[in-house]
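If you want the building blocks of each chain, they are given just below.
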Amino acid sequence: MPEHGVASKTGTATPPNLRVNLAPNNIHGLELSNPVLVASGTFGYGTEYQSLVDIQRIGAICSKGITVRPRAGNPPPRIAETPAGMLNAIGLQNVGLRGVVVEKAPIWERWSVPVIANISGESIAEFEELAGTLDGVPGIAGLEVNISCPNIRDGGRLFADDAGSAAAVTRACRAVSTLPLMVKLSPNVGNIVEIALAVEAAGADALSVANTLLGMLIDVDRRRPYLANRTGGLSGPAVRPVIVRMVYQITQAVSIPVVGVGGVTCTEDALQYVLAGATAVQVGTANFVNPRTATEIVDGLSAYLQQHAIADISELIGAAHPPAARPAVTTPV
Amino acid sequence: MDLHRVTVTANEEIMPQTHVVDVASPLLGKSSKPGQFVHIRCSPMWDPLLRRPMSIFRIRPDGVSLMVRAVGDGSQIIAASAVGAELDVLGPLGRAFTIDPSARRLAMVGGGYGVAPLVALATEAIGRGCEVVLLVGAATADYVFPADELPTDVEYGVATVDGSLGHHGFVTELLPRYLDWSDAVYACGPTPMLEAVARITRPAAFGVAGAMRSQKPVQLAMEQRMGCAMGVCLGCVVMTKNGYQRVCRDGPVFQADEMIWDGLHA
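Residue numbers (this note's numbering), protein chains in the order written: chain H, 1 to 333; chain B, 1001 to 1266.
These are computed hints drawn from the structure, not numbers from a lab. Misleading hints may appear alongside valid ones.
[Claimed, not checked] Calculated Cβ distances over 10 angstroms to all of chain H for the following chain B residues:
no., residue
1, T1009
2, A1141
3, D1142
4, T1152
5, Y1178
6, G1207
7, Q1255
[What the hints assert, rightly or not] Some chain B residues judged to face chain H by a derived CB distance under 7 angstroms, without partners named:
no., residue
8, D1047
9, L1050
10, R1225
11, G1227
12, G1231
13, V1232
For every residue, glycine included, the Cβ atom is placed at its ideal position computed from N, Cα and C.
Please put together the full structure from these sequences, using the hints given.
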């Protein structure tokens, strides 16, 4: 490994190291060139923003949520704006598993940016079919297991709602796939640390924290919920403090990498998550406003590390934790 | 299509809560087509969060004019842009209106703010030597699009819901008298108005007994709450015979025959 962030004899600094590995214990690993991913549902299948964004500079792309069968999604209105945020109830409109394998993965295979397929099942068997089918498909670097989409219910419950079913989905995916597994937790639970621990024990390589917060907007003219689905998932800067707190708590309990997802709009937001213990972040709703947010944060993190003479982003992970709780790998700065 | 930082060169309130904002951008001027829109960031801040879609109302070599309806917190910020201010503009976006080369007589129906893309279309059609009738509807006379903003060759019809100007009633009630005359029909406005246009131009599709099946092209520019405007968030869909289609990418212009109206508007 070259030395990073150290001034050379000519006085110019080598770039700091932004590389992170989201699955250090997995046989494939999930090494990213930088810790800035784009979140599922906010970047399509990666192709849509190619004309605007240098997508190969993104740490990784989490695909639109994939289900076994194609899904038409929910009736409109599907989105609403809220203070510093938005509600969505898209309903997992997607091309389905076969569409991803046949149409999308061959495109992803040609890219240097890793693509993580976000999978969403309505039963354990569906998760097994998704994870098993995608294992070994060229172009798919890992799986993000969506146990937490608030719009699809199985018997009225989400798999993310309790530790037992969250772990069961994780185990089922683990059993049929060697790919790195990042399990995406729901924030709409009482004790998210308990669920994080159960998912870790069930074989997850990483956690993404978290999906959207369940919310509602009432249309006072029509006197009913604005969204056709009635409820929707809240995202955007409005949720950031809630999710930063969850990342801070979870990363003191688990030892697998955690990816912070919620309201990341700029370098400072990303640094908050890293200092709270996240190994990486996902940019979500901000992509809709500025599609270049992720690549701008990559540059911003590099500049921050350089400015503070920090050689490696890993030195900052969890640096805001209480001293006794900081991970062993962390060098206090 | 690209992200542009553009400078506001003029800003005029042409009707209550409705501004025409001129921006300098030869790239937008060169690449924009009638029916397309741009997606404008409200401010560098993140609240209001989402960009706002605005119709391209006039296309010039050195830029475009946008019609900005100041009805909410975000669009009010954009409408208040001072001359010399910079706007963060994504565009041009969406499928444009098309004019068949054989079409000579075009009937257009605009409801409220929906008149904006039709002005761009009428201007282009006049340039091609077409005859154009533009029918405009509004709640009251105050909200009727001013005729002096239109090319003089455009025949102009007005309807107001309260009868304060022109026909007393809905603008779609003016359309039947131009149906036989026209080679093609174009409309933009609130969804119920667009459904009414579809009903008038395609009565057979709505089960009207004895109605003739018309093959006359009818193009509708749909409105829907929009998120990314890049086809990514899937927020702005409308139901069509090909399933849910994105207004931002698959539209905003759709053929009337494509649309499924049930449940489209509450």
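A quick look at each hint next to the structure:
1. At roughly 24 angstroms from the closest C-beta of chain H, the C-beta of T1009(B) stays outside 10 angstroms, upholding its exclusion from the interface.
2. Distance check for A1141(B) against chain H: the nearest CB is about 24 angstroms away, which clears 10 angstroms, and the non-interface claim stands.
3. Here D1142(B) stays apart from chain H, with its beta-carbon at least about 21 angstroms from theirs, past the 10 angstroms limit.
4. The Cβ of T1152(B) lies farther than 10 angstroms from every Cβ of chain H, with a closest approach of about 39 angstroms, so its non-interface assignment holds.
5. Listed as outside the interface, Y1178(B) is consistent with that label: its C-beta sits roughly 31 angstroms from the nearest C-beta of chain H, beyond the 10 angstroms cut-off.
6. Residue-level check passed: G1207(B) sits 23 angstroms from the nearest beta carbon of chain H, beyond 10 angstroms.
7. Its beta-carbon lying about 19 angstroms from the closest one in chain H, Q1255(B) satisfies the requirement of being farther than 10 angstroms from that chain.
8. Hint on D1047(B) holds. Least Cβ distance to chain H is approximately 4 angstroms, under the 7 angstroms limit.
9. The interface hint given for L1050(B) is met, as the beta carbon of that residue sits about 5 angstroms from the closest beta carbon of chain H, less than 7 angstroms.
10. A least Cβ separation of about 5 angstroms between R1225(B) and chain H falls short of the 7 angstroms threshold, and the interface hint therefore holds.
11. A distance limit of 7 angstroms between C-beta atoms decides the matter here; for G1227(B) the minimum to chain H is near 5 angstroms, and the interface restraint holds.
12. Evaluation of the G1231(B) hint against chain H yields a held restraint, the C-beta minimum of about 5 angstroms falling below 7 angstroms.
13. Annotation: V1232(B) was flagged as interfacial toward chain H, and the flag holds, the nearest CB pair being 4 angstroms apart, inside 7 angstroms.
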